[in-house]
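> Chain residues, written in single-letter form:
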Amino acid sequence: MRILALDAATSACSVALVEDGRVLAHRLKVMERGQAEALMPMLADALDETGLAVADFDRIAATVGPGAFTGIRIGLAAARGLCLASGKPFFGLTTTRAVAGGVFADERPGMTLVTVVEAKRAELFGQLFSPDLEPLGEIFAAAPQDFVAHLPNTPLMLVGDGSIRLKDVLRGPNVSWSRAPGHPDAVQVALGVAERADQGHAPLPPRPLYLRAPDVTLPK
Amino acid sequence: MRVLGIETSCDETAAAIVDEARTILAERVLSQEALHIPYGGIVPEVAARAHLDHLDGLIARTLDDAQVNLADLDAIAVTGGPGLIGGVFVGVMTAKALALAAGKPFLAINHLEGHALTVRLTDGIDFPYLLLLASGGHCQLLVVEGVGRYRRLGTTIDDAAGEAFDKAAKLLGLGYPGGPAIERCAQAGDPQRFPLPRPMLGRPGCDFSFSGLKTAVRQTAQGLGSLTDRDRADLAASFQQAVADVVADRAGHALDQFGRQGPLVVAGGVAANATLRARLKALAESRGVAFLAPPLRLCTDNAAMIAWAGLERLRLGWTDGLDFAPRPRWPLDPAAPKAVGAGVKA
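Chains as they are written, first to last, in our numbering: chain A, 2 to 221; chain B, 214 to 559.
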């Protein structure tokens, strides 16, 4: 089973080519903007390294959000184009699940994983996961001072590019900060969609998870 | 030689396939008009979301219509700007993915070049020709000397022509989009009733200005108080007449410079206006040059023009890299001097 995975939804841009859990090629750049320029050359480069073509993969995977609206669309438009050209099925993963997958194995035992995705707004996106990456509830949006109300009274492992904004409101012996990078990584996207499929979950469709309506008001 | 074109820079999601024999093998346009009508204008984020929802399916149906596979194509062309950048991103990323996966050249097309070269797809004419490009975002007079070679003679120093129609329609309560609404309403109107200004008329050069005309429409409407249907029709007709007078005057100046080297061509959504077309046709005839206007569906935004511009560039060996960055602003003639008094759009 070969998976071609992409992410451009938040503060990075990455591509991973994965076969049965083994990484064949991987490219990742941390960037706030510029994903539209960077993503496809990174994919072309990774494909060159393996000698494989898009048609040699069984699944096309990408993050569906939440994140930056434009970033989500960059990854999904590319993935949908690859699916159209190759006829291969799409498998989506949330950015929160991809970020949770990055938490190191030795950081997980006994912890509730708290993923925090930067939304470039007053509010952050959050979702809780068990140590074995089962979601504990839905994705929520909350300002830093209100984020605490969503958290259980258990040992917490924080991760994600938005977690830095909780440093002032979350303290104490129950709170730890993961060594993992805060952005999604396409490797975790590939591994995550495979795990979810193995667990019998239906694949997420290539539809953006914006979780927020466009900023527009109807005229009076 | 066959090229797929993709257009997502405004409120139409479009795909088309053209070949070297100037045949449009298939074309599909999905208008988002109904999505934007409640807001009284195009909302960029709403547009970008809709483009992503529909583009891949639209391309698949276009390929089916033409009964070709991606493998049968010679290149993938897409609008790379100028336009609403959120939508451009969707088209560009889709096109890059198709090009990479199918192993085809990728071409990022200037949307304005698409409009500028449409007449070579429809009528097969040679260079050079004089082009009036008038749309919701632009109003320019250009000498088209070759593919990628455009010499701007004049441009608007404030609003685009289509923008003036949209704003006037809004002031008259005629809704969006304004071009067809004004034209419909003006049919029963008296273009002589309201003496609206003709900005730039008789001034040297080929630049345009429409914001004063919009202000005059507002002041006239306010002066009338509550508008009757007759008032609306007369004001719409008077406005349309003023725009036609100005455009014909500026195009006349451009013909003074261009002479009889080639035809006068009109392109862009505003070229759909029958009054304007008639005036430009009369102007061209009075100067002894041909007048050409593509069919209406190829004047408004479409993907056949993008596919054709892609084909013209591909023939010259001009392709683009997968690292192309979408361009929200992309002048056809970067060397043109900034129009005097111009705002950011010129």
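Honestly, the hints are just simulated from the structure, not real lab data. Heads up, some of the hints might be wrong.
As the list claims (entries may be wrong) - Restraint-style ranges between C-beta atoms, simulated for each label pair: (1) A/R23 <-> B/S244: 42 to 48 angstroms; (2) B/G316 <-> A/P90: 48 to 54 angstroms; (3) B/D403 <-> A/G35: 51 to 57 angstroms.
Think of the CB as a built atom: it goes at the ideal place given N, C-alpha and C, for glycine as much as any other residue.
> Against each hint, give a clear statement of whether it holds in the structure.
Evaluated hints:
Separation of A/R23 from B/S244 is about 47 angstroms and conforms to the stated range, judged on CB atoms against 42 to 48 angstroms. The given range of 48 to 54 angstroms is broken by B/G316 and A/P90, whose C-beta atoms sit roughly 21 angstroms from each other. Between B/D403 and A/G35 the Cβ separation comes to about 55 angstroms, which falls inside the hinted range of 51 to 57 angstroms.
Taken one by one, the earlier hints fail for this structure only at number 2.
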